[in-house]
Amino acid sequence: MSTAGTTGTTVDTPQASAAAGGRVARRPRRAIDWGKYFTWAVMAWLFAPIAFMIAFSFNDVHGRHNVAWQGFTLRWYADAFAYPDLTTALLTSLAIALLTMVIAGVLGSLLGLALGRYRFRGQGASNLVMFAAISAPEVVLGAALLSLFLTMNVATGFLTILLAHVMFTVSFVAITVRARVLTLDPSLEEASRDLGATPLTTFRLVTLPLLAPAIMAGGLIAFALSIDDYIITSFVSGNTTTFPLWIWGSTRVGIPPQVNVMGTLIFAVGVALAIVNIVLARRRA
Amino acid sequence: MNTTPTSSPGSPDSPGSPDSGQSAPGPRRFTGATPYLLVLPGWLWLAIFFVVPIVSMVTMSLMSGNLVRGFALTFEFGNYADAVSTYWPQILRSLFYGGCATLLCIAIGYPVAYWIAFRGGAYKSTYLLLLLLPFFVSFVLRTISWGFMLSDDGVVLGTLKGIGLLPDGVHVLNSAPAVIFGLAYNFLPFMVLPIYAVLERMDHRLVEAARDLYAGRVQAFVRVVLPISLPGVFAGVIMTFIPTSADYINAKVLGGTHNTMIGQVIESQYLVNNAYPMAASITFILMAVLLIGIFTYARALGTEQVMEAQAR
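Heads up: the sequence lines are chains A and B, in that order.
For the first sequence, the residue numbers in numbering that gives the first Met the number 0 are 0 to 284.
For the second sequence, the residue numbers in numbering that gives the first Met the number 0 are 0 to 311.
There's no promise every hint is true.
As the list claims (entries may be wrong) - Now the stretches of chain B that chain A is said to cover, found in silico as 3 or more residues with beta-carbon under 8 Å:
hint: 1; region: 126 to 133
hint: 2; region: 212 to 223
hint: 3; region: 240 to 247
Unchecked claim - For the chain A half of the interface with chain B, some residues (derived, Cβ under 8 Å), not all of them:
hint: 4; residue: 52
hint: 5; residue: 138
hint: 6; residue: 142
hint: 7; residue: 157
hint: 8; residue: 243
hint: 9; residue: 252
hint: 10; residue: 254
No lab work stands behind these hints, which were simulated from the structure alone.
Note that the Cβ used here is the ideal one computed from N, Cα and C, for glycine as well.
With the rest of the complex left out, here is chain B (with noise of 0.2 Å):
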């Protein structure tokens, strides 16, 4: 994904650089070494512990043997008709979790960004506070918190039922949407931050300029905001779509033993069974279909200010 992080500010210190064209708008100081050493200790941090670490599991994934006799690389790459052929269901579900708490997220948090964004006024930021105050207790937590609270006698099905508004036979738990539900809940803000930092940055007199030029309402929303918002919605439903498709908290806390994700299937293969190959197999396949879809998409949006919407 090509990134654009020199739309730095023109800085008028070098007028004569020997590149002052057009194209780059960015100051080009030639300093040496500094920027080297700036990096280096993130960059050293990062190829060890991410790089190296992607490497070895790719690895361990063609490897064969158990934890008894040890492993060994021997090119095993039934692993993966093993993990697909296994293991499909548990994916498809995953990723169909992951795509519609995503497209929840859009559905809660866009009109939410805008809301803040364009009717915040001076509040703006405390609105911003308080979306992300609950994330100040732990995600487990929270996730078990849904739980209770949607159990069968908890305060919302139990108090519901005792005053005779549900018969008793409904329960919540154990049910995809429930699961979906969660993820778009533990996940929103992922999809609210960057749509809020596309929205707050655009210049507000685009739309009152569409509404000079008779353009209803709606016309232009679709027209001029929903364009120049699409960058931050293309940032939010990466942020949500790989975590939650991801995840399996969620899954584990509220989605009983019929809704299980491909994460829970990863971590029992590493911790309970032992089975390290099968689980890099595994492992490696979700995080290749998600880099598909994710490219794909990309493609097809043509943006690539991801980390720029993000940022902000």
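Chain A extracted, bound-state conformation (with noise of 0.2 Å):
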């Protein structure tokens, strides 16, 4: 290989450039992609416990000790509404997701305008307030609610937990949009000023719109955080019981597989949504 650059004029013969090719050569040849087949694991072992209850759901199980293999079976998915508190917990929990989202949404996205948009007194007191309810302990928000209610007391239930969704989900819709606000090109609302618009028009249709893909994913992670907490909702739900309370209950006397059925499901409806979501993302682009 040394010799490759003191034969200076035989540069030209096969056998040099291939000596030559094989040191250059990585520079066109790719090495490994090591980062891909650690991504790659990496999501295998985000997937693990979902692909278990996924081919649990199917297991035809006898009592309720569902970990080992015993047969294919979709006797779950046709009896998955045999257990009417079940169902009862996983409607309660979509309620509260589906006012949360709308709720905080509203808020939020109030928030995050004024937020984005304006300077004023208070400006970074509310950043303050809205950082520390983002990362304060779910157990100390918990805590410290019924703490409250119990000072006040607040019989706490459905309300109570539909308070404290809305609360801690609120600052992640404000972030969100203000984070959108503060890329839109100002030129635009000018122009639509320049051309004659009120500035209600202007906000309904020249700024509503622009920020709609991120009220829309405020509102999602408002919903998917509401619908999936348990150590919050575990302080405030007095007799209520959400879906992941339920699932907790339960595993005290072993989990019904009708749990792997419903979960199936949801991460369905999730899949279903991310699909819809890249189909409608390429067609607009």
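Bring the two chains, given one by one in their own frames, into a single complex with the hints.
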């Protein structure tokens, strides 16, 4: 190899270029992309318990100890609603998540719009409070709310869960919307104003459509956080049971396979939404 | 934490505004009550259901009494002394587990964020979506699934033992590593997303420039990419360290009785023992410890862009 440089005149011979190629060819020929394998391995890790859940929703299990494979069945899908409390809990979760999405979506969007668009007294303080609300541990939020409800003698239940969920999701919506507001091109609104639109018309026809994706994203984050929450909910739920609370409660007696079925169905809905999202994004592009 | 929300696009519509000096790049529009009307509902909600409860919890932590005779505010600071002397092992263990899980999240999440941001190409958003997809399934259900998978006769250990690769005496559940891995699993996206957001926005020509100036791959990474990505790592650390130290679902499902975390103590003091003042003081201690840790870390790193990194 070291002779390649010394035989200056023979550079064009096949051997020399092969020898040189042996050294230099690393550049065009990509090195093994370890990052890719690593990322895929991490993905596999992330999906492992999901795969387990889906597989074992088809497990022909007897009794409630659902950890070993005993054969394929569709029984649990046919019987998905065999536990009325589980169905009720799921519906409660959905209702709270939808209401949270709407309320936190509206309040958070207004907050985000104000924080991104205007400068006003108290802006720093609101950023600080939002940051604190996002980063405070859930157990602290739950315990603090329960302290308040105990002090004020408020009965905990559906309403207090909703209050809590809006409280801990509103800041997520606000920062999502604010990030979008900050990247808006101000000339679009100016053009609208120059063309004679009133501020309200400009907001309705220009600003709002531009913000819509961020508002949607923020609302979906609020929905996802709400439907998934266990810790805060467990503090302020009283006798109301949500889906995560029901699952947790059933661990003591053994989780029925229907839980895996519902988890699989929820996951399927998520996948469907994701695919729709990708297709829409492709079409728009 | 001073965030800098006004890095807004320089708007040309206010060239004559009184403060169009270089100190304030964003437009300063004095539009009267509009911003206040916009933030008012959100503010009220956060004030009533976030700020007031924290104050209420602090007040409760200074009370004495019990559920039968009622609680009274007696400025009983002894609650704090009792909480520390009784539960310091759980507090330290929680911080240790949270710290380990956070480091694990950096070790796993950074390469993933880096690879997606730099090599993801047209599929960046698809990769991110794949990363988030498992989180459509309930946190509790995912953790319980891990518990089932890793149980002694579950699909992983049961199979390995069945084909003779592992001796019968091997257990994974009810150990500290199981809890830490569970925590890292559940909070990984909170590390990946902020790091990704920063790397994705970074001008990739900077790396090329460093390489043109004869920096090696490692040197270009250490001296260019890493410093730029630190705000993302910082945001990620906050978003993982706080919830992992305060989580107790993983400890309950994967940790058994010897690996309890402080969240479990708070939960049982509130919901089982009804020892509200004690519970409130433990909660306040947890919050204070985390805040002090975060502020120290923020000081050391000197970054103020947490919210910015987190919002994208």
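Against the structure, the hints come out as follows:
Beta-carbon proximity to chain A at under 8 Å applies to 6 residues in the region 126 to 133 of chain B; the threshold of 3 is reached and the given coverage holds. For a cut-off of 8 Å, the count of residues in the region 212 to 223 of chain B with a CB near a CB of chain A stands at 0, and the three-residue condition is violated. Judged by the Cβ-Cβ criterion of 8 Å, the region 240 to 247 of chain B is covered by chain A as claimed, because 6 of its residues qualify and three suffice. The closest approach between the C-beta of residue 52 of chain A and any C-beta of chain B is roughly 5 Å, which is under the 8 Å cut-off, so the hint is satisfied.
The beta carbon of residue 138 of chain A comes within 5 Å of a beta carbon in chain B, closer than 8 Å, and the hint placing it at the interface holds. At its closest, the beta carbon of residue 142 of chain A sits 4 Å from a beta carbon of chain B; the interface hint therefore holds under the 8 Å criterion. The beta carbon of residue 157 of chain A comes no nearer than 15 Å to any beta carbon in chain B, farther than 8 Å, and the hint placing it at the interface is violated. For residue 243 of chain A, the interface hint holds, since its Cβ comes within 8 Å of a Cβ in chain B; the closest pair sits about 4 Å apart.
Interface restraint check for residue 252 of chain A: the shortest CB-CB distance to chain B comes to about 13 Å, outside 8 Å, so the restraint is violated. The closest approach between the C-beta of residue 254 of chain A and any C-beta of chain B is roughly 7 Å, which is under the 8 Å cut-off, so the hint is satisfied.
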